[in-house]
Structure formats: structure tokens, C-alpha cells
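Asker: Residue strings, one per chain:
There are 2 protein chains.
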Amino acid sequence: MSSAQSFQQAPHKLLVIPGPVECSDSILYANASPSVSHVSPAFISVFGDCLRMLRKVLYAEKTGQPFMIAGSGTLGWDQTAANLVEPGEECLVLNHGYFGDSFADCLETYGAKVTVLKAAIGGIVDEKELTKALKEKKFKLVTITHVDTSTGVLAPAARYAELIHQASPDTLIALDAVCAAGSEEIRFDDWGIDVVVTAPQKGLGVPPGLSLVMASKKALGVLNARKAPVSSYYVSWRRWLPIMEAYEAGQPKYFATPPVQLVTALNVGLKQILDDSPSLQDRFQIHKDVSKYVKDELEKMGCGFVPLSRDHSANGMTAARYPQGIKAADVLGPLAERDIVVAGGLHKDIASEYFRVGHMGVTAVDKSRGDVDKILKNVKEVLDKARAKQA
Amino acid sequence: MSSAQSFQQAPHKLLVIPGPVECSDSILYANASPSVSHVSPAFISVFGDCLRMLRKVLYAEKTGQPFMIAGSGTLGWDQTAANLVEPGEECLVLNHGYFGDSFADCLETYGAKVTVLKAAIGGIVDEKELTKALKEKKFKLVTITHVDTSTGVLAPAARYAELIHQASPDTLIALDAVCAAGSEEIRFDDWGIDVVVTAPQKGLGVPPGLSLVMASKKALGVLNARKAPVSSYYVSWRRWLPIMEAYEAGQPKYFATPPVQLVTALNVGLKQILDDSPSLQDRFQIHKDVSKYVKDELEKMGCGFVPLSRDHSANGMTAARYPQGIKAADVLGPLAERDIVVAGGLHKDIASEYFRVGHMGVTAVDKSRGDVDKILKNVKEVLDKARAKQA
Numbered sequence: 001m002s003s004a005q006s007f008q009q010a011p012h013k014l015l016v017i018p019g020p021v022e023c024s025d026s027i028l029y030a031n032a033s034p035s036v037s038h039v040s041p042a043f044i045s046v047f048g049d050c051l052r053m054l055r056k057v058l059y060a061e062k063t064g065q066p067f068m069i070a071g072s073g074t075l076g077w078d079q080t081a082a083n084l085v086e087p088g089e090e091c092l093v094l095n096h097g098y099f100g101d102s103f104a105d106c107l108e109t110y111g112a113k114v115t116v117l118k119a120a121i122g123g124i125v126d127e128k129e130l131t132k133a134l135k136e137k138k139f140k141l142v143t144i145t146h147v148d149t150s151t152g153v154l155a156p157a158a159r160y161a162e163l164i165h166q167a168s169p170d171t172l173i174a175l176d177a178v179c180a181a182g183s184e185e186i187r188f189d190d191w192g193i194d195v196v197v198t199a200p201q202k203g204l205g206v207p208p209g210l211s212l213v214m215a216s217k218k219a220l221g222v223l224n225a226r227k228a229p230v231s232s233y234y235v236s237w238r239r240w241l242p243i244m245e246a247y248e249a250g251q252p253k254y255f256a257t258p259p260v261q262l263v264t265a266l267n268v269g270l271k272q273i274l275d276d277s278p279s280l281q282d283r284f285q286i287h288k289d290v291s292k293y294v295k296d297e298l299e300k301m302g303c304g305f306v307p308l309s310r311d312h313s314a315n316g317m318t319a320a321r322y323p324q325g326i327k328a329a330d331v332l333g334p335l336a337e338r339d340i341v342v343a344g345g346l347h348k349d350i351a352s353e354y355f356r357v358g359h360m361g362v363t364a365v366d367k368s369r370g371d372v373d374k375i376l377k378n379v380k381e382v383l384d385k386a387r388a389k390q391a
Numbered sequence: 001m002s003s004a005q006s007f008q009q010a011p012h013k014l015l016v017i018p019g020p021v022e023c024s025d026s027i028l029y030a031n032a033s034p035s036v037s038h039v040s041p042a043f044i045s046v047f048g049d050c051l052r053m054l055r056k057v058l059y060a061e062k063t064g065q066p067f068m069i070a071g072s073g074t075l076g077w078d079q080t081a082a083n084l085v086e087p088g089e090e091c092l093v094l095n096h097g098y099f100g101d102s103f104a105d106c107l108e109t110y111g112a113k114v115t116v117l118k119a120a121i122g123g124i125v126d127e128k129e130l131t132k133a134l135k136e137k138k139f140k141l142v143t144i145t146h147v148d149t150s151t152g153v154l155a156p157a158a159r160y161a162e163l164i165h166q167a168s169p170d171t172l173i174a175l176d177a178v179c180a181a182g183s184e185e186i187r188f189d190d191w192g193i194d195v196v197v198t199a200p201q202k203g204l205g206v207p208p209g210l211s212l213v214m215a216s217k218k219a220l221g222v223l224n225a226r227k228a229p230v231s232s233y234y235v236s237w238r239r240w241l242p243i244m245e246a247y248e249a250g251q252p253k254y255f256a257t258p259p260v261q262l263v264t265a266l267n268v269g270l271k272q273i274l275d276d277s278p279s280l281q282d283r284f285q286i287h288k289d290v291s292k293y294v295k296d297e298l299e300k301m302g303c304g305f306v307p308l309s310r311d312h313s314a315n316g317m318t319a320a321r322y323p324q325g326i327k328a329a330d331v332l333g334p335l336a337e338r339d340i341v342v343a344g345g346l347h348k349d350i351a352s353e354y355f356r357v358g359h360m361g362v363t364a365v366d367k368s369r370g371d372v373d374k375i376l377k378n379v380k381e382v383l384d385k386a387r388a389k390q391a
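Taken in order, these protein sequences are the chains called A and B. Residue numbering for the first sequence is 1 to 391, as defined by UniProt numbering. Residue numbering for the second sequence is 1 to 391, as defined by UniProt numbering.
Calculated from the structure, these hints are not laboratory results. Treat the hints loosely; a few may be bogus.
Intra- or inter-copy, both count: the list cannot distinguish identical chains.
[As the list claims (entries may be wrong)] Computed list of lysine-lysine pairs in DSS-like fashion (alpha-carbon distance at most 30 Å, straight line):
hint: 1; residue 1: LYS253; residue 2: LYS13
hint: 2; residue 1: LYS253; residue 2: LYS113
hint: 3; residue 1: LYS374; residue 2: LYS253
hint: 4; residue 1: LYS227; residue 2: LYS300
hint: 5; residue 1: LYS113; residue 2: LYS227
hint: 6; residue 1: LYS327; residue 2: LYS132
hint: 7; residue 1: LYS253; residue 2: LYS380
hint: 8; residue 1: LYS271; residue 2: LYS380
hint: 9; residue 1: LYS227; residue 2: LYS140
hint: 10; residue 1: LYS348; residue 2: LYS253
hint: 11; residue 1: LYS138; residue 2: LYS367
hint: 12; residue 1: LYS13; residue 2: LYS271
hint: 13; residue 1: LYS288; residue 2: LYS56
hint: 14; residue 1: LYS389; residue 2: LYS367
hint: 15; residue 1: LYS217; residue 2: LYS380
hint: 16; residue 1: LYS374; residue 2: LYS389
hint: 17; residue 1: LYS140; residue 2: LYS128
hint: 18; residue 1: LYS327; residue 2: LYS253
hint: 19; residue 1: LYS377; residue 2: LYS13
hint: 20; residue 1: LYS300; residue 2: LYS218
hint: 21; residue 1: LYS118; residue 2: LYS253
hint: 22; residue 1: LYS138; residue 2: LYS128
hint: 23; residue 1: LYS13; residue 2: LYS300
hint: 24; residue 1: LYS128; residue 2: LYS374
Please model the entire structure based on the sequences and the hints provided.
Answerer: Quick look at the structure:
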């Protein structure tokens, strides 16, 4: 029999895109758990613990109701739109790239009237523009992409939330934290966030396949008070809330079969984040330190950055512009040949001008792996080689 | 390093509920694959092969367009309802238990007007009633639960499809095969089915977390011709079809991050079904033989069955009524103490009167495991013990 202690994942290229990311052996071993009944006492406890730990990771223990549903991170947008927005209601999207566009698309699909405040590429939405927009219209919901994976921009979520609460206390705030949870601090209760949308395969370091959502008491109150029926079956919180409550209370209840292995893997991943050293607070500091180190080193190699300011740069990923004269083909393929997988650009206007490196999960936190130095050493070598070829 | 050859899952209770089911070691090992990029050439090929193999397993190579999306099996109902039914359109649900009720709920959520033909518990919808209903109204869609997991009833799907085609050739036919694919023969092309909804964790023997759907050319034509916009974002085939086509063509394309490990596990599972002995045809025969054996033996022990006829009993599971004087508590707990997990009743009117045994995947097909005899031996012993206590 293989054991959690003896299991080692197969040799593979180092995966350092902005998600999915490298998983620890113990998380992958948990993903290979024997099948269990989704209503067995043992699994109910594993599931319930995931919900409790999600509250801790997001500092949501006062007001947060977690939902954990089989699906991609994208499904969290549907959960937000289908449950909280009624047809014809006004929503405001603070857009820092591709994922802002998509959240707006999703809201419109559910009948919302969407106003978009679009930052310049690499920039952030100006506070004054936000305040102005909030004065002009009453919005049911404002969405913030915490880290837009397409640009690596980190939105000042706490500050935006403060401004929204000041100008329009009833307005709900949804934070798309798919590329932020686990690598950026999120203070759900303190910031007064109403929905956090996330997924396991980025800062949480677990395989993809779950939509993880935290909803505030206020958000659930808005759901209760809505007039139009929820227009989706699978993402209806009215169907899922009793399930989540039952699992947390240690009781079986069925709506749709949860991905039992993946939930078991998430349980191990969340435990590693909460119980192992470093502490949650130290973890966020490590992410900041690693991010600074990566960005400083890339800068020395002649790279620029998509985010216009270090203050608004993600700590779990870096969107680096190629140095003068270097093309995508000089970097992406040569790195893959060296068994290092980074991602190309995603923002359509500048896709060929930059590449994206993820430094989330074990890659950033488990120094003994040496991932970060391996990435930087190889990026330097392929850049040097490309320059030598040109000379 | 652990290898596919050396990996063995942890010791565990034998899981023989009607899904999730036992997985082979090699499938679980695939579920512990290192993370890969969802747009890497290697993963694109794994994903594309899954789609091609799904067509083969469902005999859908002429007209089938597969969709593979992170989610529970339930999400397939949303896919069907959101893409194919416009608000106010008439649907007919052939109801053989709990899952028929739920499919009807889902259709109504998306605005359908639903007529339900409800069979007596354990019975099937009468052919004459179906023909009569088809004459009375023009239905956009008829749904058939192939195996209703709550009752173990196997619907005569081919015959129903024939009657529907005769009476109403334009009507779409959706087959809920969550508890059927892999253990019951489904002839998508030949029967003229328009949607098969399924999931990996039952007859396909793979961990849960994917919604697997096969749609006909006719169904995609209906989608193209629809007037109302698709009212859901995540389950919109308009968003997923280009993704599925790209993956099959070996090209990267992004809408939402697929669960890369689970897709890798499904790939191994489908290969085992298609390439290993027994052949697909032999596999269905084995399921019939195992099912007959299980039912014959349980009958000898004094059990009855929820399905009123052997002809309409599922081959991948058995819904067995407790013998006279025996209660759920005499069977479920004592079996669990013997490390055998079966399921209680699910149909609300008779939940306390029966139990459900799954004999899908490796439990039925891999005789070397001895699962079936282990189940039967232990059921006999707990029944004997309960009787002895009464005497």
C-alpha cells in the first residue's frame, strides 16, 4: 500500500503559471483517496471542516457563510449574479483586465444593467471615479477583481470597499479572489465584503474543480428579500444553503454529489495553510517578500511590468514585460524545454508583450523546493541566450 | 517516487452505494497527477481523447457533441434546460422516482411548463400514457431518467425514444444517464437521443466532479435557432462549444479552468472501459450477469425489490426491500461495521423499507476483487443475525 508519507508525485515540468499551480505530495495523495460515501460521517466531517477553515483563511468568522460546490472558479460569478441580482438591477464592475470583462458578461447574462469603470492597462480604477459613479446611480452590487490574472494588477480592495460603504451602504460588494485567496490578505468581516469568489487551484495550492464562495449575512438577507425567483437550478443558494448548514452541523443532506476526493484534498490544503508554519499572517508576508524578490530580479534582467505601480501589483504572480528586443518565442518555448512552464500574455491588447509567472502555494512558501530561484535562473539564461543570438 | 504500477490506495470500507463507487488504483493515481497547464499540448490531448472516448462509450460517433465541464452530474440538467428550453415551452418528464422530480424542478426553474407522467413506485411509465400525452400537447423536450437511483428502475429508453420519434419527430429527447452510462447500454445515435447527461462517479468508475453531456446535432440546431438568450453564463453551450471543438482539434482555448487531475483520471477510466478486456459489449453483459446474480441471491435471502419487474431493473444497482421483520438498522449499521457501505432508501414514500447496493465499475467488472461475493456473504450474515435475535 502507498501511504501519505511515502507518496511522491511523478516527475514533471515545474508549473508556474498563475494557476493551476504546483501541489504538495500530500495534497495530491489526498486527491487519490479511496472513494467514500458523500453522506458518510467521516466525509461529512471533512466537508464541514473545509467550510470552517475557509472562514478562517478569509477572516470571515463573524459574517461569512461558505459555499463549496463542484465547478470551476467561474461558477462563482454565476452564484453571485443568479442569487443576488434581479433582472434590470444596476451593477458596477471595477475592471482591471480580462476577468473584469468576464464578470460583467456574466452579470449581463442574468439580466443586470452593468456600468464598467475600466482602468488603463496596468492601472487601477481611480478613487474619484468610483465615488463619482456611486453618486450618479444606486448600485445593487459592485464587483472588484482582487487580482486580475490577465494583468497581475492587485486592486486596493479594502479601500474600494471603504468608499463604497461610505457612499452607498446598501450596495453589495463582490470580490473575485480566484487569483488572490491564499496569497493576498482578505479581511472579509473587517472590510465588509459580501461575496468572495475563489477556487482551490491558485493561492490555496489544491487541484481545480471547486467553486468556493463566501457570502455575508447581508448577502443572504438580500437573497431572502428578492422578488424574482433565482433563475438557475444548480447555483441556487436556496438549494445549497441547507446542504452547507447540514454538513457543518455534522448531518447528511443531499442536493448534488460533491467531488469527494477533491474536497478531501482541499481539506489537507487548508490544514497546511492554517496549522503548519508559517502562520496565515506570516504566509502573506512571505508572499510579499517572494513577490518583491521576483520582481526585483526580473527588473535587473531588463523586464518591465504590466502593473503600473508596485503598490498595485499582485503578490502571487508577476506579469512581466519582455525586455527590449525580446519576443515571446524567445522565452516561453525555451523555458518549457527547460521544464519550466510559465504563461504568455492574456490581455488582448498587449498579449505578445509580456509573460506571466505564478508564485503561489508551495512554490512561494516551501523554500526547500527552490522553485523561485530555479525560475529566475532559467529566465535569466534564456534572456541572455536570446540577446547573444541578436548580437 | 510513486509510480502507476506501485501505487495502491489506502485500506478503506468497501463502497457499494449507487455512486460514488470504488475506483481502480490506476484511476486514483491519475487523480494524483502533478498539476499541468490546462492549455498545455499534453493536457489538450488528454482532454480531447476524453471527448472522443465519451462518444464511443455512448455510441454517439455519428451525431454526438460531448461537453465535459467541472461540476456535479446535476449540472447536466441545467445544461439541458438552459440551452434547449425557452421560457414557456412545454416539457414532458417521465418520472420513475426522486431524480425525475428533480429534473422537473430544474426545467421549471428555467421557465419550462412541465407535464409529469409519474409511474407507480417501482413501475415504469406506460407506453399508452406516453403516446396519449404526446398527442395532447406538442413538447419541446421529453426527459427520461434511464436509471432512477432512488428506485433502481431501468427505463425502456430505446422504446420510449421510438414512440416519441413516431408521435412527435421534432421533440428533443434527454436521457439522464448519471446512474446508467458505463453499466447500461446507451445507443445515442441509433436511438436518436438528443442529450445524454452523465457523470464519472458511477458506471464509469471515476471520482466525481465532472458534468458529462452528449448533445446531438439536432440539439445544437435547436440551440442555434432559439430566440431567447441563454439565461445562464457557466452552462451556456455557446461559450463551451468553441472550447470543446478547440480541445478536440488539439488547440488551446480558455473559458473556465478544467479540473486537470480529474480529466486525467477520467481519461484513464475511459481507456480501461474501451481498451481493456472485457470489450464494451462484454462489459454490458457482465453487468447483466452480475445484476442477475445479486438479485437472485438477495431473493434467496428473503429480499424483495423496489422495481416491480426484473425487465425494468437496473443492472448497475439493486434496490432491495428488507425481508419481513427486518429493519434498516439491522442491515445498514451492521454492514458498515463490517466495512461494507451500502445506501439506505431514497424515495421518500418508502425510504425505510429498502436498501440500495451499487454494483458498478470495478466492483462488477473486476472479478478478482471478489466484491460481489463479499457483499452477498455479509448481507446474508447480518440478515441471519437479525433473524436469530428475533427468534
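Asker: Evaluate each hint against the coordinates.
Answerer: Quick rundown of the hints versus the structure:
no., hint, in the structure
1, LYS253 x LYS13, "between (41 Å within a copy, 21 Å between copies)"
2, LYS253 x LYS113, "between (36 Å within a copy, 28 Å between copies)"
3, LYS374 x LYS253, "between (47 Å within a copy, 28 Å between copies)"
4, LYS227 x LYS300, "neither (57 Å within a copy, 56 Å between copies)"
5, LYS113 x LYS227, "both (17 Å within a copy, 20 Å between copies)"
6, LYS327 x LYS132, "neither (41 Å within a copy, 68 Å between copies)"
7, LYS253 x LYS380, "between (54 Å within a copy, 29 Å between copies)"
8, LYS271 x LYS380, "neither (35 Å within a copy, 42 Å between copies)"
9, LYS227 x LYS140, "both (14 Å within a copy, 28 Å between copies)"
10, LYS348 x LYS253, "between (44 Å within a copy, 13 Å between copies)"
11, LYS138 x LYS367, "neither (48 Å within a copy, 65 Å between copies)"
12, LYS13 x LYS271, "both (26 Å within a copy, 24 Å between copies)"
13, LYS288 x LYS56, "within (20 Å within a copy, 49 Å between copies)"
14, LYS389 x LYS367, "neither (34 Å within a copy, 61 Å between copies)"
15, LYS217 x LYS380, "neither (49 Å within a copy, 51 Å between copies)"
16, LYS374 x LYS389, "within (23 Å within a copy, 68 Å between copies)"
17, LYS140 x LYS128, "within (20 Å within a copy, 51 Å between copies)"
18, LYS327 x LYS253, "between (54 Å within a copy, 21 Å between copies)"
19, LYS377 x LYS13, "within (15 Å within a copy, 48 Å between copies)"
20, LYS300 x LYS218, "neither (47 Å within a copy, 58 Å between copies)"
21, LYS118 x LYS253, "between (43 Å within a copy, 25 Å between copies)"
22, LYS138 x LYS128, "within (16 Å within a copy, 57 Å between copies)"
23, LYS13 x LYS300, "within (25 Å within a copy, 56 Å between copies)"
24, LYS128 x LYS374, "neither (42 Å within a copy, 71 Å between copies)"
Of the numbered hints listed earlier, those contradicted by the structure are 4, 6, 8, 11, 14, 15, 20, 24.
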